Amino acid sequence: MTRRGSLHLAGLDDVGIVRTRHLRMTEKVLESAVTHGEIILVYGDPGLGKTLSVAHLVEAHEVPHLWVQVAPKPSPKEVVVQLLKGIEGKFPSRGETLYEMSDRLIELLDDQPRIVVLDEAQNFTKVGIDQLRYIYDRSAAGFPLVLVGGASTNRVIGADPQLSDRVAGRVAFRPLADTELIGVLRQYHPYLGDADPGLIFDLNGKWARGMFRRWSKILKEGRSLAGGAGVLDEKTARAVLAKIGDGA
Amino acid sequence: MTGPGTRLVVYRADRRYVGFLKQLNQPEHGIVAVRIRPGMRRESWLYRDILAAVGKLPSVTGTTSLTELTDITTAAWLRAHHITQLVVLDAGNASRQVLAHMQQFADAMEIGLWICAERHITQAIADTVIGRQVDVVDQRSFDRTFALYMNRRPVPRDHAADYPAVIPFSSYPVFIEDVERLLTPDDAHHVRTLHALTYAHFSRQLAGVPTDDQVRRLAHEAVHTASTIAKIITTVRAFQQAAFDAASIHVSFHERRLAGDWAILGRHTALDPETWVRLRAYRQPYRGAAAAIQAAGIPIDGMHDLQLGDVGEATVTCGGQLHALHPGSELFVRALAWERNLSGAASSDRLFVAPSGAPYPERRLADAITVLRTEIGVNLYGHDLGRRNPTVDQFANKYIHSITRLRETA
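Chains as they are written, first to last, in this note's numbering: chain A, 1 to 248; chain B, 1 to 410.
For reference, chain A alone in the conformation it holds in the complex:
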C-alpha cells in the first residue's frame, strides 16, 4: 500500500517540491538504507516537512514502498497485521496466529524488496518495537525500514537500545533557519519568494517560525484573500494572520 493523497495542502497543486537541506539529507540516508537494507529514523516537530520529504522520495524511488500509519501503542499483532494488510491489501484471516502471520510477513518482505515506511513511529511502545525488531532481524537480507515520527521518536527508539543499535541513519528535521528562509521560499513559490524580505522575516518571527507547513498555509490563504495578486503584501499578510495566526 502506498501513501494516499496529495503531498501538499489541498488547493496547492501548483507548487513543487523544494529540495531543502533536510530533504537532501533524507535522500542520502534513504539511498544507503535501500542499498544495505538498513533502518533509518526521520524525526522532528510537526509541520517541518518530514512526511512530505519521505513520501516524495519513496514515491520517486524505483524500489516499491509500503506506507503504514502506526496506531497509538500498537500491540505486536497490530504491527504485523498492519504490515500484512499493507502488502496484501486485506486483513489476514481471523484464524491465523501471530506466529503464522509473522512468518508469512517475513516471507513476503524477503520475496520482493520494498521500502517499508512507518509513519507516526513515536506511537510505538516496547512490545511493538520488539516485534518490529524481530521481523527485521529474521528477514534474510534485511529490508529498508524508514521510521518517521515526531520529535519524541528519537527518544522512543533510543529507549530500546537493541533497536537503536540497528538504526544506521538519523535525520532530525528542524525549522528553516533565517539564512535559508528566503532562498527556500523563492524555490517554493513566487508569491512568497518575490515578497518583501522584511515582511517575510516579520511573518516568520510572529507566526511561521521556520515551519514549512505554516508557510504553505500562508501561501494558500494569502492567494485566496488577495484574489489572485502576484505577490504577498503587508495588508494581505495581516489578514492571513488574523484568520489563521492564532492571535499572532
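Nothing false has been slipped in among the hints.
Short derived list, chain A residues pointing at chain B, Cβ under 7 Å:
no., residue
1, 38
2, 76
3, 130
4, 131
5, 134
6, 137
7, 161
8, 162
9, 165
10, 166
11, 168
FYI, nobody ran anything at the bench for these hints, they're computed from the structure.
Predicted model only: the values in this text are computed from it and were never measured.
Note that CB positions come from ideal geometry on N, CA and C, so glycine has one too.
Here the structure of chain A is known, so what remains is to put chain B in place on it, guided by the hints.
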C-alpha cells in the same frame, strides 16, 4: 568450547552483527540457531522454530495434526541431522518456563546450548542458570567459536528444491517470455537455466536432418529424465525449440495428457536429489521415511510390518532381504528410527508408530506417499511400483501428436 553443556553469552548487535547472527544456523555443520520470538511463552513455538531451522516448513503439515509434534520429534530430527550445538538468540524474550525446558532438552540430548541475550540478562535467564554449571562466554570468544564454522568450506547450498512448482504452459515460441513475465526473478532464473541446458543438449542431438525415429527417441529421452511436472513442461518446450531451430522441425505433443500421465513417466524421481530435499519440508518423520522405504523397493504392507531393528545406517531389511536406501533419503528413516528410539521402543517394536503409540495403518502410509504429488510436487508413483515405463513407440504413439518438417512444406 563446542561440546555439551550450557553457555551464556551477552552480546550487542548492530546491523552488521545481525547479519553475522543470521548466518549462524548451519545444520550441515551441526549448528542450529533460533531466535526467540517476542512474548514467547510456550516451548512448542520454539520446537516449531527449531524444526524450521532444519528445513521443516511450517506451512507443510500433510494431513496430520500438529499435536503430534513433540520434543521427541524435534530431538529425533536433531539427531538425524547430527546437530551438536543449539544457539538460542534473543533469549531475553523467553519466559522462565521456555528457558528451563530448553535447558532440560539440551541436557537430555547431550548437545551444547548457547543462551544468547542481547545487552542484558533478564530475570528469567538468571533464574535458569543459577545453581547450574554454566560457562559465561564473552562476545569475542563466541564470535571466534562460530566464525571457525563459518570459515570452513561452505557446504554448497542445494538449489534443487528451488525449482518452481507452477510454471506457464505457454507454447514454445513465447514460453521463456511468459516465464520472465509471470514468475519471480529467482523462479524465472531456474526455469531459464534448465531450458538453456536442455536446449543446448538437444540442439546438438537434433542438428542436421534427424529421422522421425530419432526425434521420437530423443523426445522420449527428454521427458523420461524429468522428475516434476514443471520440469517436464520446461524440458518439452526446450526440446520443441531445439527441434525447430536446429532441424526446422515442429514437434507437437499431447501436453495435457503428458502432464496428466506423469505418474507413470517420472521414474527417475527417487534418483533425483530434488525429491529428498523437497521432502525435508515435512515435520513428521514417518512421511519421508515411508517415501524413502517405498523408493527402496519395499511395498506398503512390508513397510507396515518393519521393526526398528530392521533399519541400518543406509539400508532397510525386509523379509530377510537387504534394501539400499536412495542417497539423500536415509535422513528420513534415520529420523523415524530416532523418534522411535527416544520414545523407548525396542528393536523388536514396529518402526511405523506415531509418537502417541498408535501404529500407522497401511492406508496412512500409502497416503503419505501419494499426497506428496499435490502438496510438494513430488511423484513417487504411489502404488504403481510395478508399472513399467513406456517404450519409445508407446511414448510416441500416446504423447507425440505430430512431427512436421517445415522445410519440406515451405
